[in-house]
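In order, the protein sequence lines correspond to chains A and B.
Going by this note's numbering, the first residue of the first sequence is number 1, and it counts up by one from there.
Going by this note's numbering, the first residue of the second sequence is number 1, and it counts up by one from there.
By construction, these hints were calculated from the structure, which means they are not laboratory data.
The beta-carbon is built from N, C-alpha and C at its ideal position, and this holds for glycine as well.
Wrong hints could be hidden among the right ones.
[What the hints assert, rightly or not] Covered, in the sense of this in silico footprint (three residues per stretch, anywhere, with C-beta under 8 Å from a C-beta of chain A), are these stretches of chain B:
(1) 12 to 19
(2) 23 to 30
(3) 39 to 52
[Stated by the list, open to error] Computed Cβ-Cβ distance ranges for the label pairs, DEER-style:
(4) B:28 x A:364: 48 to 54 Å
(5) B:49 x A:207: 35 to 41 Å
(6) A:51 x B:61: 48 to 54 Å
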Amino acid sequence: MRTAAEKDVDVSVGALIVSDARVSSHLSVREVAEQFFADADLEAMAVVDAGRPVGLITRTKLLFKLFRRFGFELFGKHQIRNIADATPLIVGEGERLDVVIDRALERDPQDIYDEIIVTGDGGGYRGLLSVKHLVIQQGNTLAQTMLQREIASERARELEQAQAMRSQFMAHVTHELRSPVNVIIGLSELTRIALEKGAPDQARDRLASIISNATDLRTIVTNVLDLSKLEANKMTVARRSFDLAETVRDVAEATRVLVRAKTVSVNVAAPSEPVVIESDPVKIRQILLNLASNAAKFTEAGSIHFAVITTRSSASISVSDSGIGIRKEHLDKLFLAFSQIEDAKTKRHEGTGLGLLIARSMARLLGGDLDVASTIGKGSTFTITLPRAAEQEGANEKSEEGHDHRR
Amino acid sequence: MTHQRRKILVIDDNADHLYVARELLSQEGYEVLTHQSPFGVTGLIQAAEPDLVLMDVNMPTLPGDDLAAFVRADERTRDVPIVLYSSNDERSLSLAAARHRLAGYICKGDVTELRMKVSFFLGDHVTDGSTFRRRLYAIE
Ligand SMILES: Nc1ncnc2c1ncn2[C@@H]1O[C@H](COP(=O)(O)OP(=O)(O)OP(=O)(O)O)[C@@H](O)[C@H]1O
Ligand SMILES: [Mg+2]
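Please construct the entire structure, taking both the sequences and the accompanying hints into account.
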């Protein structure tokens, strides 16, 4: 006996075809490109020969081929079958939904794209399926109640969002790393040219630029490595007892150097007796330097104030500035990677935009947290809270174990 | 044929990238203009009438690919070939160039590619390619 749920899953994919886009296998690449250009919603087409599918061509793949190097010249006149994927996933229209999804997900990663070709009984082309659509469909059939359905689609949305954020993050990182590398390559070539021309002064200037770009690059690399260690739970913690107040005074001293050219005063309010805590002083220093450099960067006049407050079990350090402040609607975004820019392509910042994310992740790794309060135009306060002694922080210890394990 | 020096306009928000492009391309004998902002570009193109524009993509407030689309939408500037010139992934550049129907893209950081492609986009060594591209873009 089958339950209602099982019966629902027993959907055949013929009913879920989303498009019947096709091109003849004899058309030229350029003619197919024109079709993609003419219809912005067209993502893929089956390549059909005498009614039967012989391949699949997607917009992304075609445009990529055409716009690579001298793609137009190389491929334009070829028949589309030469650049189409000749072994797309093809399923019969009577196949069951869950079987097709399994087959779609089993493909080699480099062969995975969204479209699947559906054929009729005689092998004739029927249309295309979208894997994304199939998965949503399956979720819907499986979910019995409205609530389950909502949860399923909420989850799908979250996954999609996480995916989008990850790839946006990757795009940022790639660009941020490549940009100084590319300057360095260009300047090196120019240095070579200058030396060949016998212009040592010019060569010297260019070398100075190379060094400065390489230094920027090192900062970015360090940040990105820190971040990936934190995300992979591979950042190790080295705890010992130390005087937190002294660390804060050190950082304040460094901050005075940062604001030297401005009329900004830097002061510290901390207990006169040592504030001994058991934590990782190197990481705490790094977190504080990060906050201090932000405060220095965004404060033109007024003050930067460090305060250390302790209770029996915890210590907190706040860094307050009288700088430009942060809009309420931006507060949540601060701790996201590259937060000050909504769009990768329009960002403009000194630094990588990873500082606060790293600082908060490190504070949490130490069993504490990092929070912010700010008024636009008035200033900002960032506060780190830390446990005074190491507690049972499973996560950190585990991270060290994981590290050893890998070796 | 008297040889009129080809003029290239480079737009980038980063001074170091502008310096590198200017020096490398001048070395090739081109006349190079640089502009360190996405703003004021259409006016500059009309005034300077460059033969080719190299456009950075990641710029403050106005991404280069959108700016390029904007320049192409203006009939006074639409005929200047625009090439994206950026540190982004080759794939994303090729898609952006295709989406906005630009002349193409060049990846920063490869000096040989820069030299070759600039001369290609200026039509120096090409016969068939440019006719094809014109045909492809004429569908709008
Ligand atoms: N004290 C502050 N006052 C005003 N805005 C701030 C302050 N601290 C951070 N911000 C805002 O938050 C953004 C993110 O800060 P974050 O430290 O993560 O990156 P960044 O300073 O831009 O780069 P990095 O620290 O990696 O060099 C800043 O660019 C800025 O817009
Ligand atoms: Mg910072």
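Taking the hints in turn, this is what the structure says about them:
Check on the region 12 to 19 of chain B: 5 of its residues sit with their Cβ under 8 Å from a Cβ of chain A, so the three-residue criterion for coverage holds. Residue count for the region 23 to 30 of chain B with a Cβ under 8 Å from a Cβ of chain A: 3. That meets the three needed, and the coverage hint holds. Only when three residues or more bring their CB closer than 8 Å to a CB of chain A does the claim for the region 39 to 52 of chain B stand; here the count is 0, and the claim is violated. Between residue 28 of chain B and residue 364 of chain A the beta carbons are some 53 Å apart, a value that agrees with the proposed interval 48 to 54 Å.
In this structure the hint that residue 49 of chain B and residue 207 of chain A lie 35 to 41 Å apart at CB holds, the actual value being about 36 Å. The hinted range of 48 to 54 Å is satisfied by residue 51 of chain A and residue 61 of chain B, whose Cβ atoms lie roughly 52 Å apart.
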